[in-house]
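Same order as they appear, the protein sequences are chains A and B.
Position one of the first sequence corresponds to residue 501 (this note's numbering), numbered consecutively onward.
Position one of the second sequence corresponds to residue 501 (this note's numbering), numbered consecutively onward.
Treat each hint with caution, since some may be false.
Treat identical chains as interchangeable: a pair holds within one or across any two.
[Claimed, not checked] With a straight-line Cα cutoff of 27 Å, these simulated DSSO-like cross-link-like pairs (lysine-lysine) come out: (1) Lys-781 with Lys-595; (2) Lys-552 with Lys-605; (3) Lys-576 with Lys-791; (4) Lys-605 with Lys-647; (5) Lys-552 with Lys-646; (6) Lys-669 with Lys-733; (7) Lys-718 with Lys-576; (8) Lys-576 with Lys-647; (9) Lys-718 with Lys-552; (10) Lys-781 with Lys-576; (11) Lys-669 with Lys-791; (12) Lys-557 with Lys-791; (13) Lys-605 with Lys-791; (14) Lys-733 with Lys-534; (15) Lys-725 with Lys-576.
Honestly, the hints are just simulated from the structure, not real lab data.
Note that the structure is a prediction, hence the values are computed from the model and not measured.
There are 2 protein chains.
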Amino acid sequence: MYTIGVDIGGMSVKVGLVDDNGKIISQLRVKTEKTAEEVIVKMVDQINELLKNNSVKLGELRGIGIGCPGAVSSDKGIVEFLPNLGWESVPLVEKLKNYFNTEIKISNDANVAALGEVIYGAAKNYNDCIMFTLGTGVGGGIIIDKKLYEGGHSRGAELGHMTLFLGGKPCTCGRSGCIECYTSATALIGQTKEAMLTDKDSIMWDYVGGDIDKVDGKTAFECSKKGDKTAEKVRDTYIYYLGESILNMLNIFRPDAFILGGGISAQGEYLNERLKAYCEKFDYGYKRAPKTEIITATLGNDAGIIGAAALLR
Amino acid sequence: MYTIGVDIGGMSVKVGLVDDNGKIISQLRVKTEKTAEEVIVKMVDQINELLKNNSVKLGELRGIGIGCPGAVSSDKGIVEFLPNLGWESVPLVEKLKNYFNTEIKISNDANVAALGEVIYGAAKNYNDCIMFTLGTGVGGGIIIDKKLYEGGHSRGAELGHMTLFLGGKPCTCGRSGCIECYTSATALIGQTKEAMLTDKDSIMWDYVGGDIDKVDGKTAFECSKKGDKTAEKVRDTYIYYLGESILNMLNIFRPDAFILGGGISAQGEYLNERLKAYCEKFDYGYKRAPKTEIITATLGNDAGIIGAAALLR
């Protein structure tokens, strides 16, 4: 059978037809419109087009899964709050039900990314997993016994918004010192720039062609691979921040695997090995805790569509 | 029917006969012996005595539940590591099975305390709860849908050992800046003493009869009730530490209720009201998150026995 996966993003809405192996058969993408009404109209068009193009009937669908940023009440099918698009209390599932007589499920985008990796991606062989999506912000996903755990009222799992540093950097969530403020790509870029300003001889300057505005989430990692001391310092401090954040999760969940996604995770084993070493060194009860693998997400840009489709499995 | 609840502590082992309403019918207590073997022998004697004294037959038991400090693998029935008593890899359930042909379950003491409150105590009307036991250390318990969640390999839920303050005070767990270092009774006593040393006129000095070694977890709270400014400052800083720790948990679990146990929780509403106000002020997404009640544990000194018995429900 097939499933429709919908990935609502700030820039575009992607709709994909996904088979039972988690492969995207076909996908469409449109610019994200301003209002929820407009987004829904476009989404319905896309889904119908996708079904028609691929000669798939509604009866052949397991259903439609939707991943959406912001605060989502999956049990009620409502997008409670999506600040980037100015949405508040949008009953997305109910609205779509007017067009499609099939099962429709919705969850937060970071949650579906985690579910996708466990059902179809990097973590297929693990039952209990935690995922951090290290992008502009830090999204979190919790999988317990292969099932998505979203917290009470499906409104928890905001793992990026745990205080790591009391009284630290102010966070968009209203508190301060959150994990997100230290481990997001945005945070790493800030840490890299700060370090560069203290060392005019760092090869990071060459790497960005002398333009500090060209610093990205790779700059410090790539230059530390070349032996730049200042870049290595940035890398190690970032490992410390992310390692401590991961240890906090291990002490709660003791998952089989910790999945890293988002831009920073492209560093793969170069990052994972260092994190693993850090976590094993400082693990609970002086190394007596069960071990957790640290792995890289594999669904990449398709995580949104495939993860959303996984909501129907 | 009845259940035997066993509460293994550093000082004493308590064994109780508990009815199906969570009432202790009868209980016995002995000093905790040095070795696991000795503790088991005494425990078996106590259980037999309890059954005999109350004319209860093994067949009338739901089973035996055990709460034990340290790292416990409940799925295997093993106490992995109990530093205070020097235990390592003690197969407690298997050993007891040699004496009693009934169901035997074990879990960490903080876990069973939480379960006890949800099944028989303060949180009977709530499904999803998190509990902090604010004592010498800080224990954590997680209840999801009325069931104990212990993390993978039943080795998670170490909520007291989440970093709240990166690079902060050293913790017994090997890391630093843990919740426990700021919110345990031990921590509050330290904070109180520190504040007293900066203010020789504080009425806290009278409260302890001029002897700083008599400071306990109540000193700052009781003296702030009398309007002592320095005591109020200690109280408010403690509320800040504990409030931030609770908010971290809310962002993950969004429980219906947050249960506070241990010595500090005796402050009841005086503490809870202030925590509630703090948490609502700084709650996720600028107050858009579902509300969580903050309540005081009611099982008190019986929490260990009753909670252990709750493992069989």
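For a quick check of understanding: which of the numbered hints are violated here, in increasing order?
Failing hints, ascending: 1, 5, 7, 9, 12, 14 and 15.
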